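First to last, the sequence lines map onto chains W and P.
Take 1 as the starting number for the first sequence in UniProt numbering and just add one per residue.
Take 1 as the starting number for the second sequence in UniProt numbering and just add one per residue.
Quick caveat, the hints were computed from the structure, so don't treat them as lab data.
Keep in mind the model is a prediction, meaning the values are calculated, not measured.
Watch out, some of these pointers could steer you wrong.
[What the hints assert, rightly or not] Beyond 12 Å from chain P on every Cβ pair, some chain W residues (computed):
1. Glu-13
2. Arg-20
3. Pro-103
4. Leu-118
5. Val-140
6. Thr-417
7. Leu-432
8. Ala-503
[Claimed, not checked] The list that follows gives simulated cross-link-like pairs (lysine-lysine, DSSO-like), each with its CA atoms no further than 30 Å apart:
9. Lys-72/P - Lys-86/W
10. Lys-269/P - Lys-346/W
11. Lys-71/P - Lys-86/W
12. Lys-210/P - Lys-249/W
13. Lys-210/P - Lys-346/W
14. Lys-515/W - Lys-210/P
15. Lys-352/W - Lys-111/P
16. Lys-72/P - Lys-352/W
17. Lys-14/W - Lys-48/P
18. Lys-16/W - Lys-71/P
19. Lys-210/P - Lys-185/P
20. Lys-376/P - Lys-285/P
21. Lys-14/W - Lys-71/P
22. Lys-185/P - Lys-515/W
23. Lys-16/W - Lys-185/P
24. Lys-384/W - Lys-376/P
25. Lys-436/P - Lys-16/W
26. Lys-397/W - Lys-515/W
27. Lys-72/P - Lys-14/W
Even for Gly, the Cβ is constructed at its ideal location relative to N, Cα and C.
Residues per chain, in single letters:
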Amino acid sequence: MASPSPKSPEQSEKNKQYDRQLRLWGDHGQSALESGHICLINATALGTEILKSIVLPGIGAITIVDDCTVSDEDIGSNFFLEMSSKGLNRGSEALRLVLELNPAVQGHAVQEPPDQILDENPDFFKSFSLVIATTISEKVTQSLSQHLWDINVPFILCQSVGFLGSLRIQIREHAVTETHPDNEQTDLRLDEPFMSLLEHLESIDIDALDLKDHGHIPWIIILYKAVQKWKINNNNKWPVTRNDKEDIKNIIRDFIRKDENGIPINEENFEEAIRAVNTALMPTFLPKNISKLMYNSAATNLTKDSSSFWIMCSALRAFVEAEGKGKLPVKGILPDMTASTEHYVKLQNIYKMQAANDAEIVYRKVRQIVTQLHCDSISEADVKLFCRHAHDLYLVKGSCVATELQLGNSVASYIATYLEEPDVMMVHYIMLRAAGMFRSEHCRAPGDWEPEGDIAKLKTCVNKLLGDISCSPFPKDDHIHEMCRYGGAEIHSVSAFLGGCVAHEAIKIITKQYKPVNNTFIYDGASTNTATFEF
Amino acid sequence: MTSESQTADYQNRRWQHIRKLLERSGPFCHPDFEASAEILNFIMNCCKVLIVGAGGLGCELLKDLALMGFKKLHIVDMDTIELSNLNRQFLFRRNDIGLPKAKCAVEFVNKRVPGCEAVAHHCAIQDLDEDFYRQFHIVVCGLDSIIARRWLNGMLVSLLQYNDDRSLDQSSVIPMVDGGTEGFKGNARVILPGMSACIECTLDLYPPQKTFPLCTIANTPRLPEHCIEYVKVIQWAKENPWGSSTTLDGDDPQHVVWVYEKAQERAMKHGIANVTYRLTQGVLKNIIPAVASTNAAIAAACATEVFKLASSCCVNMNNYMVLNMADGVYTYTFSAEKRPDCVACCNSTRVMKIDPDATLQYIYTKLCEDQAYLMKSPGITTVINGCNKTLYMSSIKSIEERTKDNLKKKLTDLGLFNGADILVADVTTPNTITIKLKFETLDVDMTK
């Protein structure tokens, strides 16, 4: 026996190394990640935990901005510092040890405080795909967030204090084509079958099939036939009510072949058809949020600076209004079902072909727009991907952290609503902000040396914040006591949890896949509770 | 200043962060918590923690706990390092490929965190005995295998001691903190064996394993996965490309390529698209996607619970947290309930109601498919007139041959009676489980 000699090339080393994550965001997600450049301000334990989970999957490059000198406390809670790091620059030391994780990643360290960079060289931040900051003062947060907002560079602000952690994403506009929904809706068009599907459905006569074939026709065809039969006696309308659907189920039951004793035989495909009645009969419709995107002024008033997302939204609108007759392009995805190979593959190809045709039309429209606007071309693969996911497109418009800090009217009433409930996670948000205010005023964390003495001072900060949003003081001081107990301590496992989350969100932002947090995430490790707020 | 006091001073500064939590009291502390310097002393010098698994979660756990002051750490893992581990198992480098994970992880952390005395065990968890497990205060798991989790759970349950009044001797309880991840999702939980829901109490929380029916694979393939399964299950054994003594190895690239090409041929023949090398490998090895970030978050949640258990500084999560990072970051914590008839942790006789006319096959199937058991290949024995009698055992070929006819026999024909005990052994549990048969005529389909 000849030993087999495989012709196919083996996977590359890189593919092997990243195999487990490529299964989540694909090769295109990986290349997006590899062209990303992240700037971290302050290599605290939280900071290096974030970098760890971004460097391991292979971000293109990192830059650490940190002018601190390594202390014993730093070494105690930060894995990416070692005993010999003491007295050296924290950013450079952390960079050296973090880069060991992945030789493919480039790294730089800048030993200047961020406010100085903002003053002297604000263009420094322009080249990053994302800036992440830990433990920066209120004042720096204010100017840095405003600057990054102005130059349109995404920003994540995060902190870890005692058992509490928070992350805040600031991004002007973030569009996601591949949201990877957990339960993706099917797109079968049984209510309005396109020409090739209609021809196929009409070409099959269930009664004429031999027994083996009868047990192997896809439930989609069975369901269609049952609805057609029902429509004859129901003024040609589409089944909507529960009663209608029960009728359909009974028709399907009647379709099932009987044995010589008149007992229905076991036909799994018909059982599947009955189970599908409740979900698959939903009429095809244009989702409201997608319609909103298509008619968004960014899609209706394109300029040569418009992003490819808005150009494709515009082309999509042109398709829906013309060829699509009010519907989005066909997804072209068929779920698995009991069926013979031939039946299944035939049906699958019909959906696939229609999806390809629809995408082709959208692509032609995209090319027209691109030519008219004289902007960068968009690849056919990108348009195909866009059409494939057109039902689940996602857009988030963010808000500026500087505005949130100023507690304008809408922010104030938003916070107040949660505090009235009362929502303890919003109390944590207030406590974290009050601790920040304390730090600005006293140049140290509340309770840093001794908890009791700082309670009154922290309470003043809390009450000032509550006053600014027209809320009455907290009935009890327990959260103020707890914050003073923390004394600004950074607990490694809390930073590690939050670090994982921040890195994760950074990857979502850079790969433009999956929906990121919108826009504030609070974690309380003591009660194992989390919440998301939108400021 | 003497060098001794300098060291003490340094230690104080180094652990400044966690000392604040341990040496100060707060309004949300556990009712039994008394702030003192002794707690850090306990964590550092007494508290023994076993980390099970040195993979994606295990590496994180080892680092997290070492930086939370724990020194007496043990870690067990039977695997060696592979290239595909390096995207998340951050204690390993390219040069380490092929080395035992546990040893490599321990060497790295002991070097990076001075004073840490972690100990590695490069072996299977089943190779370690009761005396080994009994020495720990807390066990924390980062495993990818459900069977291993269940075995470990069974081990910790078997260490429980009960007082004469059948109440639980609390000092015999070794808490188990368990984490698991899959892609962008994960869970973390705290188990107090004998007191709160254990792994076996909540088997229904695991998603059923995805399998493809043989007839689909052989006769009506529709998906690329069906084609790959066909080559794996049927074609390999038929063609034996490397001779009949070579079994299919998903880690051998040549094998994977062979399957990939054959699956492609089959797919082509049937007009099925998208058989890729990556998919082939995924199906062959049942690969679960994994990223560093999800692992970091779940391991950290587990480490926080270990810290709470060791210090009593606050109440533990109650008792199961799910995390989903696919759409924003979402967590949900709920209290999983203890099953009063749990096959592992209930401290009373386990009873199986059964029709007197049932066959042994019925019991076997029930042990494999019932949510209360979900065993893999249970071996069933009984004691008749003081003698052990093997009723059925599939794990040893010769015994399987000898006992397989028993499956078709009625229980009464095998000498079993109402109130008889059967003893069941399985890979999911370290100990044989005794189940009392209770004859009852049931209105269920016995043909199953």
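We went through each hint and held it up to the structure:
no.: 1; hint: Glu-13; verdict: 7 Å, violated
no.: 2; hint: Arg-20; verdict: 4 Å, violated
no.: 3; hint: Pro-103; verdict: 8 Å, violated
no.: 4; hint: Leu-118; verdict: 29 Å, holds
no.: 5; hint: Val-140; verdict: 23 Å, holds
no.: 6; hint: Thr-417; verdict: 20 Å, holds
no.: 7; hint: Leu-432; verdict: 16 Å, holds
no.: 8; hint: Ala-503; verdict: 5 Å, violated
no.: 9; hint: Lys-72/P - Lys-86/W; verdict: 25 Å, holds
no.: 10; hint: Lys-269/P - Lys-346/W; verdict: 14 Å, holds
no.: 11; hint: Lys-71/P - Lys-86/W; verdict: 22 Å, holds
no.: 12; hint: Lys-210/P - Lys-249/W; verdict: 28 Å, holds
no.: 13; hint: Lys-210/P - Lys-346/W; verdict: 25 Å, holds
no.: 14; hint: Lys-515/W - Lys-210/P; verdict: 27 Å, holds
no.: 15; hint: Lys-352/W - Lys-111/P; verdict: 56 Å, violated
no.: 16; hint: Lys-72/P - Lys-352/W; verdict: 59 Å, violated
no.: 17; hint: Lys-14/W - Lys-48/P; verdict: 39 Å, violated
no.: 18; hint: Lys-16/W - Lys-71/P; verdict: 35 Å, violated
no.: 19; hint: Lys-210/P - Lys-185/P; verdict: 18 Å, holds
no.: 20; hint: Lys-376/P - Lys-285/P; verdict: 19 Å, holds
no.: 21; hint: Lys-14/W - Lys-71/P; verdict: 36 Å, violated
no.: 22; hint: Lys-185/P - Lys-515/W; verdict: 14 Å, holds
no.: 23; hint: Lys-16/W - Lys-185/P; verdict: 22 Å, holds
no.: 24; hint: Lys-384/W - Lys-376/P; verdict: 45 Å, violated
no.: 25; hint: Lys-436/P - Lys-16/W; verdict: 51 Å, violated
no.: 26; hint: Lys-397/W - Lys-515/W; verdict: 12 Å, holds
no.: 27; hint: Lys-72/P - Lys-14/W; verdict: 37 Å, violated
When each numbered hint is compared with the structure, violations occur for hints 1, 2, 3, 8, 15, 16, 17, 18, 21, 24, 25, 27.
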